[in-house]
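**Student:** These protein sequence lines are chains A and B, in that order. This note's numbering puts the first residue of the first sequence at 700, with every later residue one more than the last. This note's numbering puts the first residue of the second sequence at 738, with every later residue one more than the last.
Rather than coming from a laboratory, the hints here were simulated on the basis of the structure. Warning: the hint list may mix true and false statements.
Derived SDA-like pairs: lysine to any residue, alpha-carbon spacing no greater than 20 angstroms straight-line [as the list claims (entries may be wrong)]:
no.: 1; chain 1: A; residue 1: 899; chain 2: A; residue 2: 869
no.: 2; chain 1: B; residue 1: 1116; chain 2: A; residue 2: 899
no.: 3; chain 1: B; residue 1: 1144; chain 2: A; residue 2: 851
no.: 4; chain 1: B; residue 1: 1144; chain 2: B; residue 2: 1132
no.: 5; chain 1: B; residue 1: 1116; chain 2: A; residue 2: 845
no.: 6; chain 1: B; residue 1: 1116; chain 2: A; residue 2: 893
no.: 7; chain 1: A; residue 1: 719; chain 2: A; residue 2: 869
no.: 8; chain 1: A; residue 1: 899; chain 2: A; residue 2: 912
no.: 9; chain 1: B; residue 1: 1116; chain 2: A; residue 2: 846
no.: 10; chain 1: B; residue 1: 1116; chain 2: B; residue 2: 805
no.: 11; chain 1: B; residue 1: 1116; chain 2: A; residue 2: 841
no.: 12; chain 1: A; residue 1: 896; chain 2: A; residue 2: 914
no.: 13; chain 1: A; residue 1: 899; chain 2: A; residue 2: 886
no.: 14; chain 1: A; residue 1: 719; chain 2: A; residue 2: 986
no.: 15; chain 1: A; residue 1: 893; chain 2: A; residue 2: 869
no.: 16; chain 1: B; residue 1: 1116; chain 2: B; residue 2: 1104
no.: 17; chain 1: B; residue 1: 1116; chain 2: A; residue 2: 949
no.: 18; chain 1: B; residue 1: 1116; chain 2: A; residue 2: 818
no.: 19; chain 1: B; residue 1: 1116; chain 2: A; residue 2: 844
no.: 20; chain 1: A; residue 1: 896; chain 2: A; residue 2: 880
no.: 21; chain 1: B; residue 1: 1116; chain 2: A; residue 2: 947
no.: 22; chain 1: B; residue 1: 1144; chain 2: A; residue 2: 947
no.: 23; chain 1: B; residue 1: 1144; chain 2: B; residue 2: 933
no.: 24; chain 1: B; residue 1: 1116; chain 2: A; residue 2: 847
no.: 25; chain 1: B; residue 1: 1144; chain 2: B; residue 2: 1133
Computed far set for chain A versus chain B, every beta-carbon distance over 12 angstroms [stated by the list, open to error]:
no.: 26; residue: 726
no.: 27; residue: 757
no.: 28; residue: 761
no.: 29; residue: 781
no.: 30; residue: 815
no.: 31; residue: 836
no.: 32; residue: 840
no.: 33; residue: 842
no.: 34; residue: 844
no.: 35; residue: 861
no.: 36; residue: 887
no.: 37; residue: 959
no.: 38; residue: 1001
no.: 39; residue: 1008
Using N, Cα and C, we set each Cβ at its ideal position, and we do this for glycine too.
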Amino acid sequence: MLGLVFVGLIVAWLIVNAIKEPIDFFNVFLIGLTQGAVYALVALGYTLVYGILQLINFAHGDVFALSGLFSTTILLSVFGITDASTTGAIVLALGATFLIVAAFGALVNCSIEFVAYRRLRNAPRLSVLITAVGMSFIVQNISLAIYDVNAHSIPPLVSSSSVFNIHGVHYSWDQFFVILVTAPVLVLLSWLVKTTKQGKAMRATSQDPEAAAIMGIDVNRTISFTFALAGGLAGVGAVLFLTEFNMRYDTGFTLGLIAFTAAVLGGIGNLPGAVLGGLVIGFVESFNNGLGWHAPGSDWTQSIIFALLIAILVFRPEGLLGERTPEGA
Amino acid sequence: MATRSHRARASARGYRERFTKASGRSRVGVWWRKLPPWVRGYSVLITVVTLAVTYPFYVDNLPTNIPVILSFPSLHDSVTILVFVMMAVGLNVVVGYAGLLDLGYVAFYAIGAYTAGWLASGQFQQVNVHVGSVGVGSAERGIHVSVWMVLLIAGIVTAVGGILIGLPTLRLRGDYLAIVTLGFGEIIPQFVRNADNLHGFDLTHGTFGISPIDAPGFGGSLHSALGLPVRYDDSFPPTPDRLFYWTMLGLLLLTVFCSFRLRDSRLGRAWIAIREDETAAGAMGIPLMRTKTWSYAIGAFFGGIAGAYIATFNSGAFPTQFDFNISVFLLCMVILGGMGSLWGVVVAGTILAWLNFDGLGNIGGWLNQNTPLNIDVPKYSFGIYGLLIVLMMLFRPTGLIPERRRKLEIEEGTHGPLDESLYEMRSANEPGAGERGSPGRQPRG
């Protein structure tokens, strides 16, 4: 009941904002969509791993940051992309970067699983969780050792000219680019999980690892594959993030937590839920930062998101789309 | 069966050999082994406490060119180290005794520090309240409560905070609880940073923090009667540091004593029962929520006092002190020492806190001077702590000085719901979620 009132108030607040400043409102909406897409990619990584191991992979956000920093090296040093590069070179380089960085993220995530989590398969859950926190710091410090404390960025590779511009509502190509990459990736992922044999193995392992093993599924390989998939998504997300923002060695920590919130919001372990959660969190962030009428402002964004996380875990641990499972209670 | 008993005998032989090798030759060793265990325990304790109490007198005469570690911590750093040990002991109540993973302990530290900031400084210029404060002119505006009272109030306020955080969240399972506490640990510093303009009201003075904060002291009458200091920070160095050090040592010993007594109390046994098997504990009539909330409240109480003390010691409470990193750092102390093992946590806490303030810098300096390496070691401190955590979890999950009971739990694999192994066969209607007893794992889409 209280929840409904609260949601009602938020909707009312949004409507008032939309009426007062419609142009701002829709611009902010489009920003939220872009950010939400990146969050969705990272949140999927959390959800995939949680679905199969019931483990919150704290290191995921840091894998994201390390992949992002690695992509700056690839783009700037290996391919030598600058502002002045030709369109053809940029397209080729970006495409290759996506592939390389996704592979890199997959490799890092798999190594983490291989080095740490695999040895703890029969250990108490608490131990694995604590190990994940430790791994997060290790990966973060690897980024720190290689890329130091300064923020890294790439030149604006995608033009910021408008896809459309209706009465001041401006949707630029670099924003659209994020969706343009995310959407096929999501379709691909959904195909992979739903129809391929490997996807079937993943679903089986997530439901019951013992039974899956009895049925001849190589559980360890399936888990590694899941980590690789999660790492790859983080890699793609990281490159997309870099087209909009710059990145530091510790960017991953907060972003990872926010993405985790998105995964929990959608229902952890639930793939469409993670995407939905990512979009919702993206909107929460952009509306809070961008709207003019009685918005708390960007100082409070993180607090609001974490408060949301706590509220979901306390009142609806199964998330928006999840089923009620013992993991939630 | 035969192989196992054979192996056991072989290991016993090996143990005996090692034992004789280690102490058989020296007479002192034999004599030491013959003493009853309680004498051994107490003599070690008394020696360590004596060394700690007299530390201010010989710290300046200690060598400063020891290989690798270079020097022992200065008195000023020792106070901070002890504060961190106290917090680790507090966290041990939550993580070690009750088995609840708390990744936001820094929130309690922050609440404690800011309570001290509000009650013993000129933060609220609108009012002029003096309650037993020493060395503060009555014309100075703001709230000035005696720091001794502030310590206690901070503990209580933080304990209430712990209960408020705990009540809605403690029914969640282990990893969700960890995330919720982490969320609180992130919200509170941000709140503190932003709360300098709550509809025009300056609650925390934003990024500048609250400073200065009053120092503890004994006031004029005790000063003239017993010669106790009026106020800790109004004499010449090194006296203030010494006073702060001794007070902190006293607080720490008190904390350790309380923690010890708590562990063996009815409440402590209930915590350990919950840690070992929540469902069974509930079935034996232990009120789960109340017991868990108590562990939170007591852990928070110690954290709050430690936070308030460091605020008065540093004469300030600043938002940058309350990173998530600190929570992990404290957790690392508890894990390194052995979850639930009080002495382990004290020893590991001292070592790690020292590493954090001096040790890593010293060791790095020594390495850079004596080897071709050139690494800025303190920069990677948290990577090192992370590595420590992972290595401990992989190779010695019971910690450096394992608690006997915890060791049995980990080795025998009696897992409570929180300790569930990743792959444990559970039948369909076995309760997997503690008190609610909801059905076991269900297939998910």
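**Student:** Could you run down the list of hints and mark each one as holding or not?
**Tutor:** For each hint, the structure was consulted:
| no. | hint | in the structure |
| --- | --- | --- |
| 1 | A:899 <-> A:869 | violated, 42 angstroms |
| 2 | B:1116 <-> A:899 | violated, 45 angstroms |
| 3 | B:1144 <-> A:851 | violated, 46 angstroms |
| 4 | B:1144 <-> B:1132 | holds, 13 angstroms |
| 5 | B:1116 <-> A:845 | holds, 12 angstroms |
| 6 | B:1116 <-> A:893 | violated, 45 angstroms |
| 7 | A:719 <-> A:869 | holds, 18 angstroms |
| 8 | A:899 <-> A:912 | holds, 13 angstroms |
| 9 | B:1116 <-> A:846 | holds, 13 angstroms |
| 10 | B:1116 <-> B:805 | holds, 18 angstroms |
| 11 | B:1116 <-> A:841 | holds, 11 angstroms |
| 12 | A:896 <-> A:914 | holds, 13 angstroms |
| 13 | A:899 <-> A:886 | holds, 16 angstroms |
| 14 | A:719 <-> A:986 | holds, 14 angstroms |
| 15 | A:893 <-> A:869 | violated, 36 angstroms |
| 16 | B:1116 <-> B:1104 | holds, 14 angstroms |
| 17 | B:1116 <-> A:949 | holds, 13 angstroms |
| 18 | B:1116 <-> A:818 | violated, 29 angstroms |
| 19 | B:1116 <-> A:844 | holds, 9 angstroms |
| 20 | A:896 <-> A:880 | violated, 25 angstroms |
| 21 | B:1116 <-> A:947 | holds, 15 angstroms |
| 22 | B:1144 <-> A:947 | violated, 40 angstroms |
| 23 | B:1144 <-> B:933 | violated, 48 angstroms |
| 24 | B:1116 <-> A:847 | holds, 10 angstroms |
| 25 | B:1144 <-> B:1133 | holds, 10 angstroms |
| 26 | 726 | holds, 25 angstroms |
| 27 | 757 | violated, 9 angstroms |
| 28 | 761 | violated, 10 angstroms |
| 29 | 781 | holds, 31 angstroms |
| 30 | 815 | violated, 6 angstroms |
| 31 | 836 | violated, 3 angstroms |
| 32 | 840 | violated, 3 angstroms |
| 33 | 842 | violated, 10 angstroms |
| 34 | 844 | violated, 7 angstroms |
| 35 | 861 | holds, 35 angstroms |
| 36 | 887 | holds, 19 angstroms |
| 37 | 959 | violated, 7 angstroms |
| 38 | 1001 | violated, 6 angstroms |
| 39 | 1008 | violated, 5 angstroms |
Checked against the numbered hints listed earlier, the structure breaks hints 1, 2, 3, 6, 15, 18, 20, 22, 23, 27, 28, 30, 31, 32, 33, 34, 37, 38, 39; every other hint is satisfied.
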